[in-house]
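Enquirer: Listed below, chain by chain, are the residues.
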Amino acid sequence: MQGSILEVHAVDLRGQSVLLAAADQFRAAAALIELDGVARRIVLYPSDLSAEHIAYVAKTAESSILVTDRPEIASANHGVNHLIPVARNIAPATKQSRPELETEWILLTSGTTGHSKLAVHTLSSLADSAWRRDPASASTVWSTFYDIRRYGGLHIFLHATLTGTSMVVSSAQESTADFLVRAGAHGVTHISGTPSHWRRALMSPMAGSIAPAYIRISGEIVDQAILNQIKAQYPQTRVVHTFASTEAGVGFYVNDGLMGFPPELLHQNPKVDMKVEDGTIRIRSTRAAQRYLDTDAPPLKDAQGFVDTGDTVELREGRYYFAGRRDGTINVGGFKIRPEEVEAVLNRHPLVAMSLVKAKKNPIVGALVVADVVLKSPPSEAAQESVAPIEREIQQFCRAELDAHKVPTAIHIVPMLTIGESGKLVRRNA
Amino acid sequence: MDVKSEIVAQFTQVAQEQNKRLAPLTDSLALLDSGLDSLCFAIVVARLETSLGTDPFSEDEDVRFPVTFGDFIRFYEHAAK
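Sequence lines, in order, name chains A and B. Per the numbering used here, residue 1 is the first one in the first sequence, and the count goes up by one each step. Per the numbering used here, residue 1001 is the first one in the second sequence, and the count goes up by one each step.
Note that these hints are calculated values from the structure, not bench results. Where is the CB? At the ideal position from N, CA and C, for every residue including glycine. Among the hints, a few may not be true.
As the list claims (entries may be wrong) - Per label pair, the in silico range of CB-to-CB distance: (1) T1026(B) / Q290(A): 28 to 36 Å; (2) D134(A) / K1081(B): 49 to 57 Å; (3) D1002(B) / G164(A): 43 to 51 Å.
Claimed, not checked - Derived pair list, reagent style SDA-like, types lysine to any residue, alpha-carbon separation capped at 20 Å: (4) K360(A) / G1053(B); (5) K1020(B) / G1053(B); (6) K1020(B) / A177(A); (7) K301(A) / A244(A); (8) K231(A) / S1058(B); (9) K275(A) / D302(A); (10) K361(A) / E343(A); (11) K231(A) / R1064(B); (12) K361(A) / E1049(B); (13) K361(A) / K1081(B); (14) K1020(B) / K360(A); (15) K1020(B) / A410(A); (16) K360(A) / K1004(B); (17) K361(A) / D327(A); (18) K1020(B) / E343(A); (19) K336(A) / D1037(B); (20) K1020(B) / K301(A); (21) K117(A) / A244(A); (22) K275(A) / K231(A); (23) K376(A) / D403(A); (24) K360(A) / S386(A); (25) K1020(B) / Q2(A); (26) K336(A) / D12(A); (27) K1004(B) / E1061(B); (28) K1020(B) / Q396(A); (29) K231(A) / K1020(B); (30) K360(A) / D1037(B); (31) K361(A) / K1020(B); (32) K1020(B) / E1006(B); (33) K361(A) / Q1010(B); (34) K360(A) / P1056(B); (35) K361(A) / K1004(B); (36) K231(A) / E1059(B); (37) K361(A) / S1028(B); (38) K361(A) / T1054(B); (39) K361(A) / G1053(B); (40) K301(A) / G279(A).
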């Protein structure tokens, strides 16, 4: 290490659990490089996650040191012993002798609430052992729409760092057009994002600013439309979609330009053992996280070491197609939403007896949240026409309680909901 | 139903609901400069599917995304024919 991004004065970082909550991606990247091998644990707190979960994350990860450039986070100590600001720039620093610690990298699973769990990785589970500095990749420039604190973005960041390739990081403050222009100006050759990121990019007049050789899509279900649309905009580009999760790591890459995947892909990589059981994809792999840190979390792996991704698939005419989350989790543009959380808010409304939250397929963000609601006093036949104001009023109530992505975009007043034999609501996504 | 006035109404309504400042809706306005984010567009498209009975984004897998507000209106007018 020839420099330091951390304004460390009297704090010894060695062997500590460090919670890294920087808004700026470049500074976060520098801090990650600096801390690996030094800290016992690095906790990656994404910039799109609000400050309210910091105390829980710090406690769960036993963090003694909080590194941040976010004023709203730096204003309180959140139960840590030391608060270290992130410097504006990398300052010269003397090379320190580094203990050969295998640092735990703690990633938050992709939820927007306290329901995100803390998954334990190490550099060896996050990075491919084949990633080496390679003069042949000198002309490669990576980029990603993802935050590098999320699994999808971190994977790209580590690939670029370990192979010695340049990388253009995004910024939450930057418009899609400005990012595309900047990526284009730096000659980005490889770029990744979710289908929602890509739909947004294709709506930008600056979509033509980049001319990548390789595009990777991940993080949400990929439909045929987005594959075709990317191919139409970038006809020379190799377009690959991938199945990966924070917990299970990268499963496979699909290269044939079609949605879904051929069953053979499950058995192609000897290092990644995959199977479909009870309708969901299970993965046993050195790329998987070891465990969750949360005390109330279920085991991350089963007795045979398989991670149940919870992603359901259906086999149709010799090809698997993704069919959503088994637990009904709704993926709105990469934000995962638990229906139960939204239902709990709906059910607090004085007029609501019960509710069922489900996904409605959407071509812009993959899915939207919609709700069926049973009222305590069902509207009379004559009043059927006038339920619209009640629907709007319930929506307004949700807006005051929930993040924008979670608010049902449509509320349907229904006479009743189906209860299954288990006594639970029957969930079936629209 | 006039397609353009329905689209203008939905842009206005969704911007208001989501507390977004909507730019003046001229034909040459780039959609991403309209003040609406992806979630807003998603809601607009879902509501237009209900009110106009069509979702041109989903009807054709080879569709090119509209870039300006004018493109967006033509996109729906074309689909409504």
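Enquirer: Next, verify each hint and record whether it holds.
Expert: Status of the hints after comparison with the structure:
Judged by the Cβ atoms, the range 28 to 36 Å given for T1026(B) and Q290(A) is violated: they are separated by roughly 55 Å. Separation of D134(A) from K1081(B) is about 54 Å and conforms to the stated range, judged on CB atoms against 49 to 57 Å. For D1002(B) and G164(A), the hinted distance range of 43 to 51 Å is not satisfied, since their beta carbons lie about 58 Å from each other. A C-alpha spacing of about 16 Å is found between K360(A) and G1053(B), which places the hinted pair at or below 20 Å, so the restraint holds.
For a cut-off of 20 Å, the pair hint linking K1020(B) to G1053(B) is broken: about 26 Å separates their Cα positions. For the hint pairing K1020(B) with A177(A), the CA-to-CA distance comes to about 19 Å; that is within 20 Å, so the pair holds. At most 20 Å may separate the alpha-carbon atoms for a hinted pair to count; K301(A) and A244(A) meet this at roughly 16 Å. A hinted pair counts as satisfied when its Cα atoms are at most 20 Å apart, and K231(A) with S1058(B) qualifies at roughly 17 Å.
At roughly 13 Å between alpha-carbon atoms, K275(A) and D302(A) fall within 20 Å of each other, so this suggested pair holds. Restraint check for K361(A) and E343(A): satisfied, since their Cα atoms lie roughly 19 Å apart, inside the 20 Å limit. Proximity of K231(A) to R1064(B) is assessed by CA-CA distance (about 10 Å); at most 20 Å being required, the pair is judged to hold. For a cut-off of 20 Å, the pair hint linking K361(A) to E1049(B) stands: about 12 Å separates their Cα positions.
For the proposed pair K361(A) and K1081(B), the alpha carbon gap of about 24 Å is over 20 Å, so the pair is violated. Our distance criterion of 20 Å between C-alpha atoms is broken by K1020(B) and K360(A), whose separation comes to about 23 Å. With a CA separation close to 19 Å, the supplied pair K1020(B) and A410(A) stays within the 20 Å bound. For the given pair, K360(A) sits about 25 Å from K1004(B) by alpha-carbon distance, which is inconsistent with the 20 Å threshold.
Between the alpha carbons of K361(A) and D327(A) the distance comes to roughly 17 Å, so the proposed pair stays at or under 20 Å and holds. Restraint check for K1020(B) and E343(A): the C-alpha separation of about 26 Å exceeds 20 Å, so the hint is violated. The hinted pair formed by K336(A) and D1037(B) meets the criterion: a straight-line CA distance of about 18 Å does not exceed 20 Å. Restraint check for K1020(B) and K301(A): not satisfied, since their Cα atoms lie roughly 43 Å apart, outside the 20 Å limit.
A threshold of 20 Å between alpha carbons decides the hint, and for K117(A) with A244(A) the separation of about 16 Å falls inside it, so the pair holds. Pair hint K275(A) plus K231(A) does not hold up; C-alpha atoms about 30 Å apart against a cutoff of 20 Å. With a CA separation close to 26 Å, the supplied pair K376(A) and D403(A) exceeds the 20 Å bound. A threshold of 20 Å between alpha carbons decides the hint, and for K360(A) with S386(A) the separation of about 24 Å lies outside it, so the pair is violated.
Taking the CA atoms of K1020(B) and Q2(A), the gap is about 45 Å. The hint is violated against a cut of 20 Å. Distance restraint check for K336(A) and D12(A): the Cα-Cα separation of roughly 37 Å exceeds the 20 Å cut-off, and the hinted pair is therefore not satisfied. At most 20 Å may separate the alpha-carbon atoms for a hinted pair to count; K1004(B) and E1061(B) exceed this at roughly 24 Å. This hinted pair checks out: K1020(B) and Q396(A) have alpha carbons roughly 16 Å apart, not beyond 20 Å.
Between K231(A) and K1020(B) the alpha-carbon distance is near 32 Å, which puts this suggested pair outside the 20 Å criterion. Proposed proximity of K360(A) and D1037(B) is supported: the alpha carbons are some 18 Å apart, at most 20 Å. A hinted pair counts as satisfied when its Cα atoms are at most 20 Å apart, and K361(A) with K1020(B) does not qualify at roughly 24 Å. Taking the CA atoms of K1020(B) and E1006(B), the gap is near 19 Å; set against the 20 Å cutoff, the hint holds.
A threshold of 20 Å between alpha carbons decides the hint, and for K361(A) with Q1010(B) the separation of about 19 Å falls inside it, so the pair holds. In summary, the hint linking K360(A) to P1056(B) is supported, as the alpha carbons are separated by about 16 Å, within the 20 Å threshold. For a cut-off of 20 Å, the pair hint linking K361(A) to K1004(B) is broken: about 24 Å separates their Cα positions. A distance of roughly 18 Å separates the Cα atoms of K231(A) and E1059(B); the hinted pair therefore holds under the 20 Å criterion.
With a CA separation close to 29 Å, the supplied pair K361(A) and S1028(B) exceeds the 20 Å bound. A C-alpha spacing of about 14 Å is found between K361(A) and T1054(B), which places the hinted pair at or below 20 Å, so the restraint holds. The hinted pair formed by K361(A) and G1053(B) meets the criterion: a straight-line CA distance of about 15 Å does not exceed 20 Å. The straight-line distance between the Cα atoms of K301(A) and G279(A) is roughly 17 Å, inside the 20 Å bound, and the hint therefore holds.
The structure does not agree with the numbered hints 1, 3, 5, 13, 14, 16, 18, 20, 22, 23, 24, 25, 26, 27, 29, 31, 35, 37 stated previously, though it agrees with the rest.
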